[in-house]
Amino acid sequence: MGRYIVRRLLQAVPLLLVISVAAFAIVKAQPGGPLAQYEGNPDFTEADRLRLEHAFGLDQPLPLQYISWLTSFIRLDWGYSFSSHQPVLAMIGDRLPNTLYLMGTVFVVVILIAIPIGVLTAVKQYSWFDHIVTGTIFTFLSTPTFWLGLLLIIVFGLQLRWLPLGGIQTVGAPFDLGDRLKHLILPVATIALVQMGGHVRYLRASMLETIGQDYMRTARAKGLTERNVILRHALKNAAIPLVTIIALDMPELFVGALVTEQIFGWPGMGRLFWDAATRSDYPVLQGILAVSASLIVIANLLADVTYGWLDPRIRYS
Amino acid sequence: MPRRFTLAFAIALVATACAAPQGTPSTTASTAASATAQPITRGGTAIVAIWQEPTQLGAPYGNQTVLGLVIQGTVEGLADTTTDGKYVPTLATRIPDVANGGVVIKGDKMDVTWQLQKGIKWSDGDPLTSADIKYTWELWLKDPKVNTRTGFDQIESIDLPDDVTAVLHYKSIYAPYPLNFSSILPKHLLEKEADVTKTDYVRRPLGTGPFKITEFKTGESITLEKNPNYRGAPEKPYLDKIIFKSVPSSQVALAQLQAGEVSAMWNLTEAQTPDVEKTAGLSLQVVPGPTVERIEMNTAANKEFTDPNSVHPVLGDIAVRKALLYATPKQQLVDKLLFGKAKPGASPVSQGWAAYREPQEGYDPAKANSALDAAGWVKGSDGIRSKGGVRASLTYTTTTGDQLRERVQQVLVDEWKAVGIEVKIQNQPSAVFLAGSCAAKDPRKLGAYDLDMYASTPSIDPHTTMLRYHSRRIPTQADCAGENYTRFKNPAADTAIDAAGSTLDLEKRKTSYATALKALNDAYVIIWLYDRANIDARVNALQGWEPNVWRRFTWNMESWWMKK
Chain Y
1 MGRYIVRRLL QAVPLLLVIS VAAFAIVKAQ PGGPLAQYEG NPDFTEADRL RLEHAFGLDQ
61 PLPLQYISWL TSFIRLDWGY SFSSHQPVLA MIGDRLPNTL YLMGTVFVVV ILIAIPIGVL
121 TAVKQYSWFD HIVTGTIFTF LSTPTFWLGL LLIIVFGLQL RWLPLGGIQT VGAPFDLGDR
181 LKHLILPVAT IALVQMGGHV RYLRASMLET IGQDYMRTAR AKGLTERNVI LRHALKNAAI
241 PLVTIIALDM PELFVGALVT EQIFGWPGMG RLFWDAATRS DYPVLQGILA VSASLIVIAN
301 LLADVTYGWL DPRIRYS
Chain H
1 MPRRFTLAFA IALVATACAA PQGTPSTTAS TAASATAQPI TRGGTAIVAI WQEPTQLGAP
61 YGNQTVLGLV IQGTVEGLAD TTTDGKYVPT LATRIPDVAN GGVVIKGDKM DVTWQLQKGI
121 KWSDGDPLTS ADIKYTWELW LKDPKVNTRT GFDQIESIDL PDDVTAVLHY KSIYAPYPLN
181 FSSILPKHLL EKEADVTKTD YVRRPLGTGP FKITEFKTGE SITLEKNPNY RGAPEKPYLD
241 KIIFKSVPSS QVALAQLQAG EVSAMWNLTE AQTPDVEKTA GLSLQVVPGP TVERIEMNTA
301 ANKEFTDPNS VHPVLGDIAV RKALLYATPK QQLVDKLLFG KAKPGASPVS QGWAAYREPQ
361 EGYDPAKANS ALDAAGWVKG SDGIRSKGGV RASLTYTTTT GDQLRERVQQ VLVDEWKAVG
421 IEVKIQNQPS AVFLAGSCAA KDPRKLGAYD LDMYASTPSI DPHTTMLRYH SRRIPTQADC
481 AGENYTRFKN PAADTAIDAA GSTLDLEKRK TSYATALKAL NDAYVIIWLY DRANIDARVN
541 ALQGWEPNVW RRFTWNMESW WMKK
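Protein chains in written order, with my numbering: chain Y, 1 to 317; chain H, 1 to 564.
Keep in mind that the hints were calculated from the coordinates and are not lab data. Heads up, the beta-carbon is just placed ideally off N, CA and C, and yes, glycines get one too. Heads up, some of the hints might be wrong.
[Said to hold, decoys possible] With beta-carbon atoms standing in for the labels, derived distance ranges:
(1) Ala-173/Y - Thr-199/H: 26 to 32 Å
(2) Thr-83/H - Leu-64/Y: 49 to 55 Å
(3) Thr-83/H - Phe-138/Y: 56 to 62 Å
(4) Ile-245/Y - Arg-42/H: 56 to 62 Å
(5) Leu-404/H - Gly-308/Y: 54 to 60 Å
(6) Ala-259/H - Arg-313/Y: 53 to 59 Å
[Claimed, not checked] When the alpha-carbon atoms are kept at most 25 Å apart in a straight line, the in silico DMTMM-like pairs for lysine to aspartate or glutamate are as follows:
(7) Lys-86/H - Glu-358/H
(8) Lys-441/H - Glu-46/Y
(9) Lys-142/H - Glu-46/Y
(10) Lys-134/H - Asp-43/Y
(11) Lys-303/H - Glu-46/Y
(12) Lys-198/H - Glu-53/Y
[Claimed, not checked] Here are a few chain H residues that sit away from chain Y, every Cβ distance over 12 Å (derived from the structure):
(13) Pro-89
(14) Tyr-135
(15) Pro-161
(16) Phe-305
(17) Ser-559
Could you build all of it, start to finish, from the sequences and the hints given here?
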């Protein structure tokens, strides 16, 4: 097991390098570049352009730019934003708590709701409950986040005036837990409603498969209560695919929700990435891309390891 | 300007559909609402929604409109501009000019003497001195990350005879000198810093204005509080606090204004104005701006690094260019697509002391047809004209994802087709189309376009804008600088522009520019579509707003007050 993990981690190194080259190339291939903002400024001269390109290191050949970025990245010197001039690490550090707060809540809410619903729809397959829940879940699953978010804003924010239209807290007011929670409801609902569907569907399918197994009959024959049969024998086995999905969701805790954060004006990682992309702020983009790529690799490994723990029949070689 | 294509579009759709009228349409485009004699209430907080966030707040390091909007109540300069385009002193005692002896011409050089008002303090209590002027110049010249050195690079040296006097030795006749120092930097705070962009100054700049910036929470808000050391204190400012709230789009800003979460918002599109007009308790401020949307016609061959002396097979004929103008219904575009909040354009300089407002010929498709007939462009069976085997077929390029521009294109393509000119839309992302460099393949720079459409905003001194029409400023492969995208060449215009650039006499300059602009319009290479207004909105309780063509609406924040 330990050797397996070490080997997987070593395999990840070339993979991450390839990803970082690809990310670098995509970021640089964007048309425009960080100096595009100066177009339209009648005072901005060609000399100004050349000077700024030099100051930001944009006049270097691309391979050199990549190597110097990579070497300082490894030394945890992630450079400075071209637009805010702040250290990239500090910018990420500034936004990360907000995203963890949002996505962590989503994570908990989704699991707390998806597991019982997934189990119930499987146990009561083809009941009215199953039909209603499955129908509702498919509706949300196929709803684009940006549309759902806007709809919630319009209904609960603009029409009913129950909840704020966006932001993480009331601007200019002192800290207030109730106020914070109020601001959390709509963005969490937007992401959770869309995300939940997948989890419920996986668990339901996997539960149905498990419930049909012979050992379930055996468990019942031993005289175990139905509750015990479902929760201890069926759910534990049926949870394996769900664990994979949850583990693969983990990087989202860091990356944030691009569209939702944008709609709700949430000062998190997703919005940081969006803003950096629109401004061609290369150091920020590369920093976020590198971290999220690493997290996805780690999350995959974590999923595989958890698998073995849940199902000892799975062997690593 | 970042465009949030699909998102913005979706919000616009849903928001417009659902923003129910909440009262009688009682508000109209009011400008000087504060003129009514009401007792002014002091104190309170105004929250202003901005849908673009300044990335940092250091005046030397940014180029965003919204940066100036946020810091102009904090960071001040020597002089500023009134709405009718006159210079007024801010920190200085007067505007130096030749008549009052503040400007001395020495051959092709000049000396400008600025006097600071006595007793002005930075918000930290330190005195403002002439050394700060010199430091500002030095920083702009030595820091590699500043936005543009234009103007500062014309200064040879600065003498400081005393604490309030600075003598600037310019190595040329630099006409826009009054606004050269529009942001003074604090020497005492910054002089020991190796890199100002790495200090707290770019987050919370120190200034002399009515407000000081106390907090900058990225992605959330920027807080301004009353500056107790302001020279107008304790009379002004009236408000205790102004908070700029960062919101993701103008649609969200409008929704928050309607919901009462903010007291004002920056920059509405024309299409949003009906929503404000029908919401009780809100007012619009529509101020004509210097921004002019235009269509340029490439007179040289449409190819990369075009030869400025080549001739475009279709647009090389002035009859075609005239016909395109005659078949452009400017007023209809303004009324239908811009909700009457703009004006048909006449020249690139629509405001200020050099404004040129002689209108171009009006909409007359019959005249377009007869001009083309007379020039030998004959309609084919499909209704499209041709001459000597050349089909009157053109491409039309603007920025992708811009709803307003796309609608304008649809109208014009139909209008032009009706007179026998086929136009195909070939839009490009703004990052390419407006890149402003040959390396980034800006088609205007390369000359690889037929018709383009975009806007530009001249400064109060129109000289850099006028240089766009000088033959010396045609971009070529050898020298890509210059913005003469139509490849317009006219010796009389060149002479007039050069003459205007070598004198400080405003009347003479205005006449010279008018000569050049008349020559430009007589060549029919540019259709001035419309002059765009700056539109901002507020709740009626927020009083004291005044329009200013040259400065965004926050220019007089010290006079804002909140009605209880």
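A quick look at each hint next to the structure:
no.: 1; hint: Ala-173/Y - Thr-199/H: 26 to 32 Å; verdict: holds (29 Å)
no.: 2; hint: Thr-83/H - Leu-64/Y: 49 to 55 Å; verdict: holds (51 Å)
no.: 3; hint: Thr-83/H - Phe-138/Y: 56 to 62 Å; verdict: holds (58 Å)
no.: 4; hint: Ile-245/Y - Arg-42/H: 56 to 62 Å; verdict: holds (58 Å)
no.: 5; hint: Leu-404/H - Gly-308/Y: 54 to 60 Å; verdict: holds (58 Å)
no.: 6; hint: Ala-259/H - Arg-313/Y: 53 to 59 Å; verdict: holds (57 Å)
no.: 7; hint: Lys-86/H - Glu-358/H; verdict: holds (22 Å)
no.: 8; hint: Lys-441/H - Glu-46/Y; verdict: holds (15 Å)
no.: 9; hint: Lys-142/H - Glu-46/Y; verdict: holds (17 Å)
no.: 10; hint: Lys-134/H - Asp-43/Y; verdict: holds (21 Å)
no.: 11; hint: Lys-303/H - Glu-46/Y; verdict: holds (22 Å)
no.: 12; hint: Lys-198/H - Glu-53/Y; verdict: holds (18 Å)
no.: 13; hint: Pro-89; verdict: holds (22 Å)
no.: 14; hint: Tyr-135; verdict: holds (19 Å)
no.: 15; hint: Pro-161; verdict: holds (29 Å)
no.: 16; hint: Phe-305; verdict: holds (16 Å)
no.: 17; hint: Ser-559; verdict: holds (21 Å)
The structure meets every hint from the earlier list without exception.
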